[in-house]
Amino acid sequence: MSDLIRSLTTSTFDEYVTTADRPVVVDFWAEWCGPCKMIAPVLEEIATEQQDRLAVAKVNVDENPELARRYDVLSIPTLLVLKEGKPLARIVGARGKAQLVQELAAYL
Amino acid sequence: MTAEQRDVVIVGSGPAGLTAAVYTARANLRPLVVEGEPSSTSDQPGGQLMLTTEVENFPGFPEGILGPELMQRFRAQAERFGAEFVTAKVTRVDLGRRPFALWTSVGGEEPAVVSRALIVATGAQALTLGVPGEDRLLGHGVSTCATCDGFFFRDQDIAVVGGGDSAMEEALFLTRFARSVTVVHRRGELRASKIMQERAFANPKIRFRWHAVVEEVLGEQTVEGLRLRDVRDGSEEVLGVTGCFVAIGHRPSTGVFAGQLAMDDEGYLRTTDGSRTNVEGVFACGDVQDRVYRQAVTAAGSGCMAAIDAERWLEAQGR
Chain D
1 MSDLIRSLTT STFDEYVTTA DRPVVVDFWA EWCGPCKMIA PVLEEIATEQ QDRLAVAKVN
61 VDENPELARR YDVLSIPTLL VLKEGKPLAR IVGARGKAQL VQELAAYL
Chain G
1001 MTAEQRDVVI VGSGPAGLTA AVYTARANLR PLVVEGEPSS TSDQPGGQLM LTTEVENFPG
1061 FPEGILGPEL MQRFRAQAER FGAEFVTAKV TRVDLGRRPF ALWTSVGGEE PAVVSRALIV
1121 ATGAQALTLG VPGEDRLLGH GVSTCATCDG FFFRDQDIAV VGGGDSAMEE ALFLTRFARS
1181 VTVVHRRGEL RASKIMQERA FANPKIRFRW HAVVEEVLGE QTVEGLRLRD VRDGSEEVLG
1241 VTGCFVAIGH RPSTGVFAGQ LAMDDEGYLR TTDGSRTNVE GVFACGDVQD RVYRQAVTAA
1301 GSGCMAAIDA ERWLEAQGR
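Protein chains in written order, with this note's numbering: chain D, 1 to 108; chain G, 1001 to 1319.
Hints are computed from structural coordinates only; laboratory data are not their basis.
Model, not experiment: these values are computed from the prediction.
Hints are supplied without guarantee of correctness; some may be wrong.
Stated by the list, open to error - Going by beta-carbon spacing under 8 Å, a handful of chain G positions derived as facing chain D:
1) Ser1039
2) Ser1040
3) Gln1044
4) Met1050
5) Leu1051
6) Lys1089
7) Leu1138
8) Gly1139
9) Cys1145
10) Asp1149
11) Phe1151
12) Phe1152
13) Gly1219
14) Gln1221
15) Gly1225
What the hints assert, rightly or not - On the chain G side, residues computed to face chain D include the following (Cβ under 8 Å):
16) Pro1045
17) Ser1105
18) Gly1141
19) Ser1143
20) Thr1147
Where is the CB? At the ideal position from N, CA and C, for every residue including glycine.
For reference, chain D alone in the conformation it holds in the complex:
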């Protein structure tokens, strides 16, 4: 995984998303989810190309089920866009890069 993408846990999540100086795109994922694996490289590219505008973080739902519950995540991949800790938007389901970039642009 790219150095630019932080892996968050229940104990590190709040501090990270509330203190980030850019909007954070949190990818809720799991090892057993095929579509999650498909978008992982897409998110790495976005994290690199748009590092001035956003930060990308990941939450493994297997290891952090309470975070998934807190944000009513019932389907993965779910991308949650947070600004100063507040959820702005969610994108449910895998997508191609062009479409993902376009959908994210609205919240940056």
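Since the structure of chain D is already known, use the hints to place chain G on it.
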């Protein structure tokens, strides 16, 4: 920018497309595979098997193999012989010119690639119910991917809609998590294979609601129930579930070829004499042209046919 030129382009990367890639690569045709884009609705690189778990009926794997792993092996085999891949969706084709022209989701105004022969292996994508509430609650209890989302329904009562093998596979998989799984099916018997039926009937967590169709998915923020209608007498009831997994079949992904390739009334491509379509030099294989069998192994077999047909056609044209 001039378009890339190829002898063979393969559209789609399920068992049919990747088998065609193995064969055309070994024939030194340097195939380019336009593999599709990530999605959660069975319309993605690797095809429908990417959303399944155990595949038990693909010959050569007596212990079974996970769908995504099987597709990874298909892909590795095609790559080994020199097949190249682009992660994009075909957005437009012009089969009226030679070579054929293709536009993709990562390209611009000009065709991304032109090709003398074309192999269409775009497969099929999952059908949705098309009822009120379904779109709104997608990802909030309505799911198109049991393997992705089953985890979130631990100890809950959920429903699977459909009566085929895919529906039984999902229902059985979901019993790992759910307290109960109710199979909602519009007929009084299943279409699924005997072995899958027997497993489903034997599973104490699986119940059946026969002769019923979903009229509406209920719930404000998340799914709270399904409004069912009995197809025999029209009576309605609410099934109290917190999850709804839809497995009512597939439709062929042929929209981009409309008006250019001959299709039947459901959109399946028509093939004759092996894998030939109505346009000379365009071949089709896999679920996109198969309304009968729709198995990984038949898709792979037809992918081999399309590759050999394309190779011989190119030879006859003088390559």
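Hint-by-hint comparison with the structure:
no., hint, in the structure
1, Ser1039, "5 Å, holds"
2, Ser1040, "4 Å, holds"
3, Gln1044, "6 Å, holds"
4, Met1050, "5 Å, holds"
5, Leu1051, "6 Å, holds"
6, Lys1089, "7 Å, holds"
7, Leu1138, "7 Å, holds"
8, Gly1139, "3 Å, holds"
9, Cys1145, "7 Å, holds"
10, Asp1149, "5 Å, holds"
11, Phe1151, "7 Å, holds"
12, Phe1152, "5 Å, holds"
13, Gly1219, "11 Å, violated"
14, Gln1221, "7 Å, holds"
15, Gly1225, "15 Å, violated"
16, Pro1045, "7 Å, holds"
17, Ser1105, "6 Å, holds"
18, Gly1141, "6 Å, holds"
19, Ser1143, "6 Å, holds"
20, Thr1147, "7 Å, holds"
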